[in-house]
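Number of protein chains: 4
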Amino acid sequence: MIDTTIIEARNATHAAELTRDYDTLGEKLSRKGVDIDAIKDRAKGFSVAVPSWGTGTGGTRFARFPGEGEPRDIFDKLDDCGVIHKLTGAAGSVSLHIPWDKADPADLLAKAEEHGLSFDAMNSNTFQDQPDQAQSYKFGSLSHVDAATRAQAVEHNLECIEIGESLGSKALTVWIGDGANFPGQTHMGRQFERYLSSMKDIYKGLPEDWSIFSEHKIYEPAFYSTVVQDWGSSLLTAQELGDKAKCLVDLGHHAPNVNIEMIVSRLIHAGKLGGFHFNDSKYGDDDLDSGTIEPYRLFLVWNELVDAEGTPGLDLSHMIDQSHNVTDPIESLMISAVEIQRAYVQASLVDRAALAAYQQENDALMASATLRAAFRTDVEPILQMARFEAGAAIDPVMTYRASGYRAKVASERPKVSGAGGGIV
Amino acid sequence: MIDTTIIEARNATHAAELTRDYDTLGEKLSRKGVDIDAIKDRAKGFSVAVPSWGTGTGGTRFARFPGEGEPRDIFDKLDDCGVIHKLTGAAGSVSLHIPWDKADPADLLAKAEEHGLSFDAMNSNTFQDQPDQAQSYKFGSLSHVDAATRAQAVEHNLECIEIGESLGSKALTVWIGDGANFPGQTHMGRQFERYLSSMKDIYKGLPEDWSIFSEHKIYEPAFYSTVVQDWGSSLLTAQELGDKAKCLVDLGHHAPNVNIEMIVSRLIHAGKLGGFHFNDSKYGDDDLDSGTIEPYRLFLVWNELVDAEGTPGLDLSHMIDQSHNVTDPIESLMISAVEIQRAYVQASLVDRAALAAYQQENDALMASATLRAAFRTDVEPILQMARFEAGAAIDPVMTYRASGYRAKVASERPKVSGAGGGIV
Amino acid sequence: MIDTTIIEARNATHAAELTRDYDTLGEKLSRKGVDIDAIKDRAKGFSVAVPSWGTGTGGTRFARFPGEGEPRDIFDKLDDCGVIHKLTGAAGSVSLHIPWDKADPADLLAKAEEHGLSFDAMNSNTFQDQPDQAQSYKFGSLSHVDAATRAQAVEHNLECIEIGESLGSKALTVWIGDGANFPGQTHMGRQFERYLSSMKDIYKGLPEDWSIFSEHKIYEPAFYSTVVQDWGSSLLTAQELGDKAKCLVDLGHHAPNVNIEMIVSRLIHAGKLGGFHFNDSKYGDDDLDSGTIEPYRLFLVWNELVDAEGTPGLDLSHMIDQSHNVTDPIESLMISAVEIQRAYVQASLVDRAALAAYQQENDALMASATLRAAFRTDVEPILQMARFEAGAAIDPVMTYRASGYRAKVASERPKVSGAGGGIV
Amino acid sequence: MIDTTIIEARNATHAAELTRDYDTLGEKLSRKGVDIDAIKDRAKGFSVAVPSWGTGTGGTRFARFPGEGEPRDIFDKLDDCGVIHKLTGAAGSVSLHIPWDKADPADLLAKAEEHGLSFDAMNSNTFQDQPDQAQSYKFGSLSHVDAATRAQAVEHNLECIEIGESLGSKALTVWIGDGANFPGQTHMGRQFERYLSSMKDIYKGLPEDWSIFSEHKIYEPAFYSTVVQDWGSSLLTAQELGDKAKCLVDLGHHAPNVNIEMIVSRLIHAGKLGGFHFNDSKYGDDDLDSGTIEPYRLFLVWNELVDAEGTPGLDLSHMIDQSHNVTDPIESLMISAVEIQRAYVQASLVDRAALAAYQQENDALMASATLRAAFRTDVEPILQMARFEAGAAIDPVMTYRASGYRAKVASERPKVSGAGGGIV
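These protein sequences, in sequence, are chains A, B, C and D.
For the first sequence, position 58 matches number 58 in UniProt numbering, and the numbering has no gaps at all.
For the second sequence, position 133 matches number 133 in UniProt numbering, and the numbering has no gaps at all.
For the third sequence, position 64 matches number 64 in UniProt numbering, and the numbering has no gaps at all.
For the fourth sequence, position 368 matches number 368 in UniProt numbering, and the numbering has no gaps at all.
In case anyone wonders, no lab produced these hints; they're calculated from the structure.
The model shown is predicted, which means the values in this text are computed figures rather than measured ones.
A couple of the hints might just be wrong.
No distinction is drawn between identical chains; accordingly, a pair holds when it is met within one copy or between any pair of copies.
Below, computed lysine-lysine pairings styled on DSBU-like, alpha-carbon distance capped at 30 Å [unchecked claim]:
hint	residue 1	residue 2
1	Lys170	Lys204
2	Lys44	Lys415
3	Lys408	Lys138
4	Lys204	Lys138
5	Lys102	Lys244
6	Lys32	Lys44
7	Lys111	Lys138
8	Lys200	Lys408
9	Lys138	Lys28
10	Lys102	Lys415
11	Lys200	Lys244
12	Lys415	Lys170
13	Lys200	Lys170
14	Lys44	Lys111
15	Lys44	Lys28
16	Lys32	Lys170
17	Lys102	Lys200
18	Lys204	Lys102
19	Lys102	Lys32
20	Lys408	Lys244
21	Lys32	Lys111
22	Lys138	Lys200
Using the sequences plus the hints, can you model the full thing?
What follows is the structure, encoded as structure tokens:
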């Protein structure tokens, strides 16, 4: 969709400066014993999954303000994902959401292949009612008091697995909105037991080489209690299900002030860390662009992950999960993929031998300075070179804007009018 | 809409017990020098405004699950408000939201009169785009960088005043979602200046006997910064506008842990407290039913208000502002009106002379115990007697259920299907 | 220490009114099928442990403002605890803190017997350095990088067990301040492993009929990360140790907004709830008097506990853990014991059959109302009657003040001058 | 105290690399039209005040773990401050705390001159009781119910001004711990009025060319309410006092999630921003080292300040206010001064013309990217060159360690033993 010549033309204007900056940084890193090419190769090997639904403009319960060229269906979304990957080289897979993305698997595979994309974790949806649905999820899904509703929700998850199998996916992410808006509305203990029972039914249908991810969230859409409210409940779930069950951490799903990188560390300890939903936030589950609010927090999460590389059984799934309300979603997803990659590269620069020594000596000041030294390294040339060598864009956003892609799809995809959110 | 005979029949089954409980409580209070009838008369004089939109089932950005008999328009909503007031005797006014509630003023007045309702503060809406709107509010309204958009938003507010004048309203509440989702998206200082400039334009159109309420909110729908993010910015706004400008406090619009009753106290000190939006919350702007999460906090707010009675210039507007996602909105609004009234009555029982003496002696333990003694008084018989004497229902919810009102309107109002929120 | 005649004299002035109020409430409860005497007997059977150190005036890092008659040692503290129990009848055990309370076991047992007190869970202290200590805990204790420091901390805990055995205690509570003030200061994974290893060493020394409680806390004294930061880490600890290891929940040790009653429910599900530290808080680990900030939250916690009565293996330890900075500690502890007892009694009034039915029907409004109906019941006459019948004071605070106890001990215990906290 | 030859020797080992890195960065910045020397000169002109008390090891209410060579008095502290300034060139003034730092003004001036230091804002202390004090601050100081206590606190502040005048200080910072631990303990409105009345008495004694800073804090040491709890109350205070009264923002004194840079912007709008207390925090008023937890937040604050340069009447006071519990305080203060300077320099690199244009176009993505581009610039060579040219150390920490200063003072200053904090 983005002509390679456009990328090449834009890259040509940056190449000389990039080479100079890359060499300069390389020299500087080499003084510390770091081989910039090795780091760049790590960057090239990095990929994060894009959520299909992230390509459309998001909204709040108050309103949604669509942009131009909103994707009409999963095929439009895959086209948009193709652009993201082509320009960044760092987003080679897509995570589907069922039923929003239901389509003929052969068509999906063909479209994905066209863009060099694969399919990451499948996402089920039991937080909304679909038009043809027998039972309503108003009062819950997998944890509903009514067995028929639970069965319907289980069945839907099994269908997601089935679709995923046909697409080469290897994981199912289960996030439910079940909970309560009032003290007393549910019996919290029995509700959790019903949830676990349903999850076990799903687990029985999980192929041997699949994982199931339990995703916690402190609140929203339930505002008093949520069945899987934190990593503790998520851990209990994964423990009771079995080895194929892991916990997924969404960076925006925690109580204020919580130390997320420590949760990462604890789940690694427990052998139950499965993956991430990347985004950024200031207040609640704001779903803002990754790395735009607290970039150091993102770095600290990656610091744990890079540190844990090589841990037996640790095989993480990385996905972006954001809502793009005021930007072009393609631009936000490109920048987010790059910011996540940036934190990964910065974390790869941490002098771990020095850090371990400072920790052993309780030299808190220098240990902390060691992390900051890696974080403040401007790795932009590494990221740019990784893209350049991969045939992606040195400057993804400007190349995208130069390509006229948005205007083109705007002419093909009908205009969507603004709409209120859930409050009206 | 609710036949008086139904109320009377239900009340008859409770009257004997009520009399006994009321007398017993009266005797107990009299020992402390409190005249129960005086307190009951305060309860009878209490009224809180109902938000017209609160009569419909609310939702989140994830989904909305409508109930049966959803109101189709403002006339249905006024019918529902009529039920609420008839059964509680504590909700005699309605707060309209423009443009959702636009209709012929004469028809609105006739319908209100039918139910014995009046019109409270008007609410403008510049956080959503309307179908026929020239300028979009995607990037702000009263604080937008574009003058034409600001002018449109000002014009809308002036129209709200105009409509309100025809309905006997005396106040305009301005809440805007303007802000930013990214650091740098807006220049926070200039954005605030644009907001103030627009507010001054609205203020110029405010009738002499009207008030304009500035309502703050820490976040949502903007997730990095909000123009009127807290009471400090709201205070600056009211100060710069003039005497008719006051601050409105919504109980759910604060940062975690914030002492809301202290903000009430400070705004009273500054002569700028104008009114309340009542609801309850645990995490963010959860918009849960008043008094269901932290009833003591609601009491402490009322404790400040009752204490400040008689302060020159203090004339507060009280409104419910909630989202009813899992209950019958009429039931939630009735119970909420009662819970707000309950806190008001409990706060009226505080022994203020004793409290002042303990405060003077730094007897923190007994001062605190004095508040709790009032709070733990079970004033249910007072509330019930106030309703009984006013011809309302001793037990509003059960009487409502017995009336069959919901089933009746469900047969008249078309079924609404579930829908996703802003995220799809 | 408090002469029984004083209690009897004060009670005599209240007895007639109490009888009337008790009977009236009894009649009212009987209409709902509740036997007030059965509830009162539950109240009489209730007891919460008092922390020995709570009898002294607490402070902050900024300052401590001692009162008159500060206890000089554990024997003075036990005298104060004796007063608390004598006047409330609800605080029959004391929780000791080692090394602060080290003394000859025989003397301790004799003093406790004098007051009718027993010894609850033992508390170890590895968050402070003692004068004679070989290794410093500045950089940690059970999780320290240095094996000798860890061994010293383990040894101290084993000594606490040994002391506890001589006193009839059956549990050890382990709370440590270990963590970090800087990202990078510690390797969070290895630090946790060292902690677990130390805990296993302690566990090996635990008598068969003892429990060990793991207590989590989000922050303070460590301000970036804490080894046992939440119930998830506490759960992992208890799971790895074995059946005698349980989790202890301190109400003030959570992130903002966290649903504590849900954590209670989850730990019950996991078979790992061991006990509580009661207090109240608005911001952090404020250690305010129980039930004075959010009484409904305390009720909701008790609602879970009462609901879970009869769960096999559930045998909870209840202790107050507060800091009394501006009140007479004896008064605060008496009132706190009563407020905890009050919430327990209120929770005992929940109509659980009705609640379960509403939950089954997804009648959120009535389910929630069912809890509130129990909470708003003014159970004061039940608490008073329970005390009266037990020979304690109907009005503990006024009886205490009438007794002149504080003035008496002030004359015997030397005056303590004010002092700065940790910041100077 | 640090021999210049040591600095020169250490610098000599870094000079060649520094020159290369500085030139390389200069070339890169020049491509964007930025003159690195101009930025470096800004860095050289930067200075932040050091709090005298920060040179001692801090603690919590649980414990304090002193290090070696703790300063015994203000003269030792000034020696330590001299080291900090000599090695960083960025900390040329000291902020005194009375009564901790009371001494003969002539001696203080002589000692300061010896180190090239001046005296920044004076800090009063009415949150602790001093041994010789007539009235206790247990229940408040400037807002106490008792007139004699308020008068004593006012008198103390006037004395601080008097001392400051003799030292060349031009500002008084007032922070009080007054508040309440219980709902009802104080009448919040009257308490505020008493506070304002006392502040007016202090204001009357303020020299014409002085400023008085009102500092807010949400909680601690008061745990239910605090008299000046947020910037709204601080603003009201400054407004009621007059032109010489401004608000001081401590980065750690806010509710969770609060947007601090927005408060900065609002206070600039109101003409009431007076200064800062820099530190970092994750949970409460953690008083951690500046820039170590959320460096981007520090940058965003500086972004507002640099943007507002040239605003008439804006003349800010910058001070570090931290507690160094696990590091050598001299090292922490040096690194903190550098991190604050770093954020200032990064903020100076923001392309404000481009930013303004993006803001005008609602190009949120590029506006946000513009800030991040400045933030991620590794300005280390600029900071190092600024120090190098000023005769300070290219690497302050390693130079300090090489100097043996700590060991030297440890041999002169008596060892301090560990102590419990306020809780014992």
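Cross-check of the supplied hints:
no., hint, result
1, Lys170 / Lys204, "within (15 Å within a copy, 43 Å between copies)"
2, Lys44 / Lys415, "neither (37 Å within a copy, 54 Å between copies)"
3, Lys408 / Lys138, "between (40 Å within a copy, 22 Å between copies)"
4, Lys204 / Lys138, "within (26 Å within a copy, 46 Å between copies)"
5, Lys102 / Lys244, "within (25 Å within a copy, 50 Å between copies)"
6, Lys32 / Lys44, "both (22 Å within a copy, 27 Å between copies)"
7, Lys111 / Lys138, "neither (35 Å within a copy, 32 Å between copies)"
8, Lys200 / Lys408, "neither (47 Å within a copy, 42 Å between copies)"
9, Lys138 / Lys28, "neither (58 Å within a copy, 37 Å between copies)"
10, Lys102 / Lys415, "both (22 Å within a copy, 27 Å between copies)"
11, Lys200 / Lys244, "both (11 Å within a copy, 28 Å between copies)"
12, Lys415 / Lys170, "neither (35 Å within a copy, 40 Å between copies)"
13, Lys200 / Lys170, "within (18 Å within a copy, 38 Å between copies)"
14, Lys44 / Lys111, "within (24 Å within a copy, 58 Å between copies)"
15, Lys44 / Lys28, "both (21 Å within a copy, 24 Å between copies)"
16, Lys32 / Lys170, "neither (40 Å within a copy, 46 Å between copies)"
17, Lys102 / Lys200, "within (25 Å within a copy, 51 Å between copies)"
18, Lys204 / Lys102, "within (23 Å within a copy, 55 Å between copies)"
19, Lys102 / Lys32, "neither (51 Å within a copy, 48 Å between copies)"
20, Lys408 / Lys244, "neither (44 Å within a copy, 51 Å between copies)"
21, Lys32 / Lys111, "neither (45 Å within a copy, 41 Å between copies)"
22, Lys138 / Lys200, "within (22 Å within a copy, 44 Å between copies)"
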